[in-house]
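Chains as they are written, first to last, in this note's numbering: chain A, 157 to 271; chain B, 153 to 265.
No wet-lab data here; the hints were simulated from the structure.
Keep in mind it's a predicted model, so treat the numbers as computed, not measured.
Heads up, the beta-carbon is just placed ideally off N, CA and C, and yes, glycines get one too.
Wrong hints could be hidden among the right ones.
Quick look at which bits of chain B chain A covers, simulated, 3 or more residues with Cβ under 8 angstroms [stated by the list, open to error]:
| # | region |
| --- | --- |
| 1 | 194-205 |
| 2 | 242-248 |
Where chain B lies over chain A, by a calculated footprint (3+ residues, C-beta under 8 angstroms) [said to hold, decoys possible]:
| # | region |
| --- | --- |
| 3 | 196-208 |
| 4 | 261-268 |
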Amino acid sequence: AQSVTQPDIHITVSEGASLELRCNYSYGATPYLFWYVQSPGQGLQLLLKYFSGDTLVQGIKGFEAEFKRSQSSFNLRKPSVHWSDAAEYFCAVGLTTDSWGKFQFGAGTQVVVTP
Amino acid sequence: GAVVSQHPSWVICKSGTSVKIECRSLDFQATTMFWYRQFPKQSLMLMATSNEGSKATYEQGVEKDKFLINHASLTLSTLTVTSAHPEDSSFYICSAGQGETQYFGPGTRLLVL
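Next comes chain A alone, as it looks inside the complex (with noise of 0.2 angstroms):
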C-alpha cells in the first residue's frame, strides 16, 4: 500500500535560516509527487512536483525539492526563511495519473519561523 511519511510534525527555524522539511514515500511504481503548503484560511497551493526527469526540481517562493530514489525520499529546502513561510507543509503522492487530484497526503509539517 502507498504510504506518505513525514517525520517532523512541528519544526522551529529562524528567519533568514535553512529550512528543510523531509519526506519518505512508499510507492509501488514510479511516484508522482508534490509538496503543498497550507495556510490558514487558505486552499492548499502547489509548491512544486517531481514526474520525471531532474532529480531537483525547483517550485514557487524560492523553494526546492530532490527525488532521492535510492531513499525513497522527496525532501524540500530553502535557502533562506521568510516570515511569510510560516505554514503547515504537505508532501503528497500522485495516486494515479487516470484521475489527476487523487493524492495521498503525509501528515503534515508545521513551520513556525521566529524574528
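Given chain A, work out where chain B should sit, using these hints.
This is chain B only, laid out in the frame that chain A set:
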C-alpha cells in the same frame, strides 16, 4: 490562477441535521472534483471523487449514504453530510483541476453539536 471556492467557510449545526457544502471552480470547468477530510493536526484523507453527470466514487470506508455528493454542473460539486453527528465534525476540503495541476478550496469547517 485558477480558483476553487467553498461555501460556507464554516458551519455549526445540531446533531441529526443535514449540511450542504458547495465547491465551485470559478474560472475553469472541472469534470472531476475531489473531496477530502482533515482532522485536527492530521493529514487530508481522500473521501470521494465527484464526477460530473455520474455517480461519485467513494474511497473505502466512506459511507456514501452519509456523505452525498452531487456534481450537477462543470463548475459545482456539493457534499451533503446527512444526519450529522459530532464525529462528523471536521474540516472538509475540495479540489478541482486541469490535468496534473490541482487547485484546492479554502475548506469548510463543520462543527456538529
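If any of the earlier hints don't hold here, list their numbers in rising order. Checked against the structure, no hint fails, so every one of them is satisfied.
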